[in-house]
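Asker: Two independent chains are provided; combine them into the complex using the hints.
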Amino acid sequence: MGAQARLLDPTIPYRYFAAALGFHILLWALIAAFPEDAAVFAGGSGPALAALHSLTLGVLTATAMGAAFQMLPVATGRPLRSTRAARIASWFFIPGTGLLIWGMAAGEHLPMALGGFAVALGLGIFLVLISEILWRARGFEPLGRFGLTALAALLVGVALGFVLIMDDDHGFLDQRARTAAVHLIVAGFGFMGLLALGFSHVLVPLFALAQGVPAGESRATFALSALGLVAGAAGVYHGVWFLAAGGAFFGLLGAALHLRGMARCLATGMRKNLGVSALLLRAGWGFLVTSLIVGLVTALGFFEMQGPRLFAFLALFGWLLTFLLGVLQRILPFLGSMNATGAGTKPPRPSELAPEGLLRAHALLHALALVLVGTGIGMEAALPVRLGGIAGLLGAVIYAGFALRIWWLIHGRPHATIKERP
Amino acid sequence: MSETVKRAPVASDVPVLWDSGALCLDLRGIDTPPKPLVAIVELIERADTGDSVRVLIARDPINLYPELLERGWSWSKEFAEDGSLRLTLTRDVPEPPESGR
Numbered sequence: 233m234g235a236q237a238r239l240l241d242p243t244i245p246y247r248y249f250a251a252a253l254g255f256h257i258l259l260w261a262l263i264a265a266f267p268e269d270a271a272v273f274a275g276g277s278g279p280a281l282a283a284l285h286s287l288t289l290g291v292l293t294a295t296a297m298g299a300a301f302q303m304l305p306v307a308t309g310r311p312l313r314s315t316r317a318a319r320i321a322s323w324f325f326i327p328g329t330g331l332l333i334w335g336m337a338a339g340e341h342l343p344m345a346l347g348g349f350a351v352a353l354g355l356g357i358f359l360v361l362i363s364e365i366l367w368r369a370r371g372f373e374p375l376g377r378f379g380l381t382a383l384a385a386l387l388v389g390v391a392l393g394f395v396l397i398m399d400d401d402h403g404f405l406d407q408r409a410r411t412a413a414v415h416l417i418v419a420g421f422g423f424m425g426l427l428a429l430g431f432s433h434v435l436v437p438l439f440a441l442a443q444g445v446p447a448g449e450s451r452a453t454f455a456l457s458a459l460g461l462v463a464g465a466a467g468v469y470h471g472v473w474f475l476a477a478g479g480a481f482f483g484l485l486g487a488a489l490h491l492r493g494m495a496r497c498l499a500t501g502m503r504k505n506l507g508v509s510a511l512l513l514r515a516g517w518g519f520l521v522t523s524l525i526v527g528l529v530t531a532l533g534f535f536e537m538q539g540p541r542l543f544a545f546l547a548l549f550g551w552l553l554t555f556l557l558g559v560l561q562r563i564l565p566f567l568g569s570m571n572a573t574g575a576g577t578k579p580p581r582p583s584e585l586a587p588e589g590l591l592r593a594h595a596l597l598h599a600l601a602l603v604l605v606g607t608g609i610g611m612e613a614a615l616p617v618r619l620g621g622i623a624g625l626l627g628a629v630i631y632a633g634f635a636l637r638i639w640w641l642i643h644g645r646p647h648a649t650i651k652e653r654p
Numbered sequence: 097m098s099e100t101v102k103r104a105p106v107a108s109d110v111p112v113l114w115d116s117g118a119l120c121l122d123l124r125g126i127d128t129p130p131k132p133l134v135a136i137v138e139l140i141e142r143a144d145t146g147d148s149v150r151v152l153i154a155r156d157p158i159n160l161y162p163e164l165l166e167r168g169w170s171w172s173k174e175f176a177e178d179g180s181l182r183l184t185l186t187r188d189v190p191e192p193p194e195s196g197r
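As they're listed, the protein sequences go chains A and B. Numbering of the first sequence is given in this note's numbering, commencing with residue 233 and proceeding in unit increments. Numbering of the second sequence is given in this note's numbering, commencing with residue 97 and proceeding in unit increments.
These are computed hints drawn from the structure, not numbers from a lab. Worth double-checking, as some hints may not be accurate.
Stated by the list, open to error - Pairs of lysine-lysine, BS3-like flavour, derived with a Cα cap of 25 Å:
{"hint": "1", "chain 1": "B", "residue 1": "Lys173", "chain 2": "B", "residue 2": "Lys131"}
{"hint": "2", "chain 1": "B", "residue 1": "Lys131", "chain 2": "B", "residue 2": "Lys102"}
{"hint": "3", "chain 1": "B", "residue 1": "Lys131", "chain 2": "A", "residue 2": "Lys504"}
{"hint": "4", "chain 1": "A", "residue 1": "Lys578", "chain 2": "B", "residue 2": "Lys102"}
Chain B on its own, in the form it takes in the complex (with noise of 0.2 Å):
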């Protein structure tokens, strides 16, 4: 179950909520284009946002990924019943600096 948390909101006015030890946005009632886009990519690019986010969303959004991929970003996708997905997005480790051979 989400509840609020005293977050600033992300594209001007979609509430951050927090959810099983994670923030997470629930986009399922926004269906202007780009707007589920800019809010994930707000609420990523946040420095406190921590290593995991959760989505829950209508629609596959399917320009999001290209993004991600640019902010180090990696993500899973689980569908429920009624058609919308839930997306886990987890900030890749980076690469341990190659040891000088």
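Extracted from the complex, chain A is given alone in its bound form (with noise of 0.2 Å):
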């Protein structure tokens, strides 16, 4: 395969990532102008079910094709079969999610449907395009594992997912509830969380420098994360409280061995100092153990309503989005460095385009948001919710601030205010 023909072109991940800056955005300022609805929320369409699809759906899930889209053909050698559906895919799917948060926020179910009719078209495409290459690409075992099984696991969220928009105008579930747990279960720690511990496999050690972590134990991590995920669905959706218990006992074995692994590579990797992204991910990786925590005391019924409102809180906020925030931060400059080495001339460094300085003040902010919202979501009280919507939308602006300096410095102004090099 020819030098630059791996390196996609650069708007295919550019446009799931811009989008995901967007809705990063749109998140927090729901969650600040609607604080009463997060701070007690209890399913239900409302601002706050489109405060977390925003996030799940606009966030996390738009910045997984991004980064599999890029990064997939590059790590294993196969190509993307098409970068033409993978355009497509974007026009289904990010319209189709600011159409089916718009109905999740105003409570109406048609453009509920429509947008969720539409993301599940752009997703099938993404699911079959990725799922080609990691068919492809079986060698490398810990991407091929988790991914294919990341995948499986967003063909089953997207259909409870659809099943749940159905019953909002229908009403045919039995058990809408445990439906609505079960798909938050399954698209959290399934589809995004075996897909984030599979492409740490490969960024973790890429980012430090470091050898990889070694198959055996990459094999007993998936092991007991699968398990982990298919006790805790299948608890929690017959109310077998024991099973989904085991099941975040076994996930918390799944992290611990996972966790283990991603600090040998950071404490043994070449480059010791990752900055500001570093205290994300490791943040992220804190967040990951808490929530589990949180999800096995719920299920052995010491917490009230509080308890799965944390545990979603502190799963899809703490862990995956602190998480995916210090990967996209040692992403961004990194792609933007490695898009401008394809025009011909010297590209700027990486580290000249991620300044210290914005990315402490955006880290400071993200904090401060999970504390205050953590604590409102605790107390059931909306102020504290609602300084930590702000916090997090000041956070998200600034990020988005970041970002578009990149884009700017690579392909805005090339050469005016980069240093040339010899």
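Answerer: Okay, here's the thing in structure tokens:
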């Protein structure tokens, strides 16, 4: 395969990343504007459900799509079968997510159903394209194992999501709340979680310039995580709480093994200073463990309604969002430099594209937002949620500024402010 | 023709070779990311590596180039008929300090 052939047209990953940055701002704006909904959220349409899907679909899934389209062909050497299909997926997925979120916020069924259908189409194309690469690259064990299982979970998560949208209008589900909880577990821990674990096998050693995780350790992490996922989802759906608690326990064992491998990568890697992104990665991993402990304690009956709410918040906002922002913080300057490499001129160094002050300000506001919103959910109080939403919103705007600055330095005014190198 | 030299392996088990007056890595049989990248960066970071390194590699290591830029190295590529790539990495000459005016 040719030199630049595996480097995807940058407009493909960038459109997904740009959408994620926009939905990141929207989700915190919704929380800041409607804090009482988030503080006592127990399901059903409204601004809290819209904010939740602005995170899960708008930020997490959109970033996963952009990163998968960009990273998997580079990592595996197997090209994307059709870049046109990757573009078409974005035409369905991004506006579809917007429409779905609007329908959820307004409590209107038609935009919810149409948006959900467009999202499902976009994700279906993504699923076919990425599973085809992973299938051809089965030799890359961790990517194939975690990735293909994550895509199977995506299929189940999308199907359950669609059933919930239909039920919103027709009311045919006997166990709507449990179906919604399984949708959250399968989409959050199954799709996004397993994908995050699988991608970490490549990305974290790449960031730290370290040896990868040994195959046996990776297989054990996968087995424990998959077992935890199946037991957790089955336990929640059937109301067998010791099974759900067992799922959280196996998930904890899998997480502990995964984190041991990741900590070893960071400790033994040649690059010791990963800057603010390492803080976010580590904080995200801490929230992964905390969310599973809260899930375990909730399944054992120690929490009332705050338990499920805190579990979802810690897993989605604490673990997945924090981890993803840490990853994106390293990927965007690297990607900018890589894409500029193909232009025939000396590109800027990644470190020139990542101003430490801006990233520190974002990390501080993000941490403040998590603490305040988490406290508000725990106390069922709107004021801390509103303050947290405002902090998160400011952080999201700063993060978007960081990404726009990279785009501007690479594509907007090339060679104007970037120091020329010999 | 590359020959083995008495150097510690990089990325734990990749032998360092000698080819046409420069250290060389043959990474064509290594397909597990990020091992090829780690091997190259480890070699160029060694104090006794010199100013030029050759690399034989099965696929274009796109992730490597930002790392080379960070470390002040340039590169040139030469594709072989079998689709593999021969990279020549060269340490950039530092800019002379500007004379005071």
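Asker: With reference to the structure, classify each hint as holding or not holding.
Answerer: Do the hints match the structure? See the list:
1. Lys173(B) / Lys131(B): Cα-Cα ~20 Å, so holds.
2. Lys131(B) / Lys102(B): 21 Å, holds
3. Lys131(B) / Lys504(A): OK: Lys131(B) and Lys504(A) at ~17 Å, within 25 Å.
4. Lys578(A) / Lys102(B): Violated: Lys578(A) and Lys102(B) sit about 35 Å apart, past 25 Å.
Hint compliance for this structure: hint 4 is the single one not met.
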